[in-house]
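Quick note, the sequences are listed as chains E and B, same order.
Counting from 238, one number per residue, gives the positions in the first sequence under our numbering.
Counting from 463, one number per residue, gives the positions in the second sequence under our numbering.
Careful: at least some of the hints might be erroneous.
[Unchecked claim] Covered by chain B, according to a simulated footprint, are these stretches of chain E (three or more residues, beta-carbon under 8 Å):
| hint | segment |
| --- | --- |
| 1 | 324 to 336 |
| 2 | 345 to 353 |
| 3 | 363 to 374 |
Treat the hints as calculated values from the structure; they're not laboratory data.
The beta carbon of each residue, even a glycine, is placed where N, CA and C say it ideally should be.
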Amino acid sequence: MAVIYDLLVQGVQMFLVLALAPLLTGFVRVIKARLLRRRGPPLLQPYYDLARLLGKEVVLAENASWLFRVSPYMIFAATWVAAALVPTFATGLIFSWSADLIAIIALLASARFFLALVGLDIGTSFGGIGSSREVTFASLAEPAMIMIIFTLALIAGSTQLSTIAHIMSMPELGLRVSLGLALVALILVAIAENSRIPVDNPATHLELTMVHEAMVLEYSGRHLALIEFASMLKLLLYVSLIACIFAPWGMANPGAASLAFLGGLVLYPLKLAVGGALLGLFETSIAKMRVFRVPELLGAALMLGLLGTLFLFVSGSF
Amino acid sequence: MNVEFHAGFFVFALLALAAASVPLARTPRGPVIIYGAAAAIAAIAALSGAIAAARGIPLQVRLPLGLPGIGVRLQLDALSSIFALIVNLAAALASLYAVGYGRHEHEQGRVLPFYCLFLLGMNLVLVADDAFTFLIAWEFMSLSSWALVLVHHKSEVNRNAGFLYLTMAAIGTLALLFVFGMLAGGAGGYAFDAIRAQELNGFAAGVTLLLALVGTGSKAGLVPLHAWLPPAHSAAPSHVSALMSGVMTKVAVYGFIRIVFDLLGAPDWWWGTLVLVLGGITAVLGVLYALMQHDLKRLLAYHTVENIGIIFIGLGLALAFKYHGMTGAAALAATAAIFHVFNHCIFKSLLFFGAGAVQTATGTRDMDHLGGLIHRMPGTSFLFLVGCVAISALPPLNGFVSEWLTFQVILLSPELPDWGLKFSIPAVGALLALSAALAAACFVKAFGVTFLGRARTPEAAAAGEVDRYSLAAMGVLAALCLLAGIFPGVVIDILAPTVTSIVGGRMPVQTEIAWLTIVPIAESRSSYNGLILFLFIAFAAYVAVYVIHRLASDAVRRGPAWDCGFPDPRPQTQYSASSFAQPIRRVYGTLVFRAREIVDMPRPGDLRAARFSVRLRDLIWDWFYAPVVVGVTTAADLLNPLQFQTIRRYLALVFTALVTVLTVVALWQ
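Could you put together the complete structure from these sequences and hints?
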């Protein structure tokens, strides 16, 4: 019985992230539009876009290979699984022990690997520019993320997200320098990973500094829908991750009463809303960076993460 | 079956095969017979390695050959048997691959005999139980592989590669000669049992460690002793490249483990830090070098340097934990290192086989002359892709598991009381993470430029799929990548006796944990389950495919590429190997390679073509090798007049030398 209950919670989590991801993206767009004093698209526009794309036929470039057709599903599946493993409204999900935080980040790296490959598949210069920049940024963002994980894991004594969330919610932990460094670094990495301003602009097309859009330029129809969906899931994943680590309140523990789950389910969208609003505010208040300034930003994130880890190696009380 | 028979069987089978291959190399069916037989012998050897590993009782033989009083001692203990299993597994598959690939070789007589001897040399290193046999086998391995590097000796590049390799191999063996001299001590006990019984003082042990690092590190490709490796590994035929890069470097790692963990006794406090830091630097420099290459095989060979770095990081951590008596953590570190030995052996062989297939199909291995091969070589490209994903440490394949284990060890290390380690381990952790991310970039480049996009030359456009034997060998390796990735607990348990033999402890039994999860220390701390993750991804992908094809559109139309409205049909407009790496070169290369981009743009009205060139400098070559080369050349020039003297002067020279030596000896006492 307990197993079925756990599976149910895991299933709810899987479909909850799927249902909320476009909403979060739509919400960020609305916030940005309002801050610019535009009316902006409706809140549910991303759902309409996805539905429209799914219904359209796919136009494949003449020399597209099988990898080009398979990759959207791989990218979507890997991102979805990663998002489903980050605790949102409840911790200790039934499959959470199958992948710790390092594995979740590596799953996202798998998705990125295929995305960068398909950028090269058609053999256009735009695809190449996107891929080569994506892997360059990732070569700094991923180590920065690993360093952040080290910082968290050294404090919590675990790389399991559920345990980290549990330790982080304990009041005796107090304020720590290393956690502050990790938070700043994590926000920088999250912005870069999700192709947000100032690293990349999710709203442009045909801009010489674009990265993500350049890789997916040749996609259309359901393939494009899957890739767009995957990037929405990734945004949700990072906001959930920050919420789970730095605002771990109100998440139901395994074996808690149903009321706790309901509370978690109410609180989680609120956390997403706060995260989305802050992201919108940040994006409107900053200008896009030149491409070769981005490595400096990510290098800063890497150094902050490394500093946090180093502090903890020196003394566990930092 | 008795042990002498076993040892004798392999030695004489491979020797006989080498002898038989000399006449057979001239016949059209010869290579197939030889490679088939080599595959069978290596498979039997792998099997006997597996049986020995499973039985867990060390075997020892003493053959009445070699030096008087010592003889040739051979053994097969836990450490040797696991390496014998890994090495012969890869050797068997390389031979299977060569059944198909080898027939494209024009110089069969230069390949076949040395190939058999090379296999024999590597196996003898693993089973040697005294210093004399070890060194002979080591030289045997070096020289036979040197001969294989020089198969295509007409090319200037290959001759230089062979010369550099021979020089470095000689330096390495010289260092090992001193290692065993130090280990044997004054009494001169050259059998490994006698060496183990001997106790070296701290200083002598430290010197021995440094010499062992030079001796085995130069064969494995540890920075700064790696310079010979990429040219030599890429010069040989591809199945030999796979053996050199995937397997011989592992024999060198075996040599390091045997000497440092087994023969040298208890480690000193600074050993772990040194090995760890060298490993970290090797990992990052190796992958950065690899990213700058446009020759597919050279890229793979440089990437071997990176993986050796990762293995040495694990070994360094194991040494540090062993010194501080933290056996559990040392076992975890050693498991991570040997797991990576296995993984690298598997996927690097797979990738070299793929590179060989590309070379067979197109006649080139320059990525800038390839492209679009995924259409022409679907099997090879799929298997190569599996290798790329595995080597980039992406779940759910095997490369991720060993990297994940290494990260778990790093997270255990704040408990170490040593301040040097407290500062170096986080830095090495960052280097390891950096090298993992750069490896993914490197293999996006390798696969993307070679197999994806449009064909850059007519040869690439006309390529065809390779033979079944090659595909079968690659298929087995790709399957192993997946199996080791989703059942890592089985591999960890197989490695347990070896780990116990080198650090005195083992990881908890993994195969009894529910769902085949791996739990290095405690479940609350960390766990990973490749199987569940694999099924989870498969399930998610299936749901996506099912829902979309059922409920949404499944119509497809082919059209020209869009490319923002301005597609250019010329394949030159694609990203090439060097343009793909340009952002990375700008971020890291200015520091590491002193990369300079020179743009020669003619003035308006000038009809010259604009030129763009990149200049990279290998700082390690400049700082480490070039002074040695200059020094040796200068000394040779200074001494050159001594070659052209009259007999009287020679006699006077001999007399003066003798008097000087005698004076020195007299004053010394």
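A quick look at each hint next to the structure:
1. Residue count for the segment 324 to 336 of chain E with a Cβ under 8 Å from a Cβ of chain B: 4. That meets the three needed, and the coverage hint holds.
2. A stretch counts as covered by a chain when three or more of its residues have a beta carbon under 8 Å from one of that chain; for the segment 345 to 353 of chain E and chain B the count is 5, and the coverage holds.
3. With 9 residues bearing a CB less than 8 Å from a CB of chain B, the segment 363 to 374 of chain E meets the requirement of three and the coverage assertion stands.
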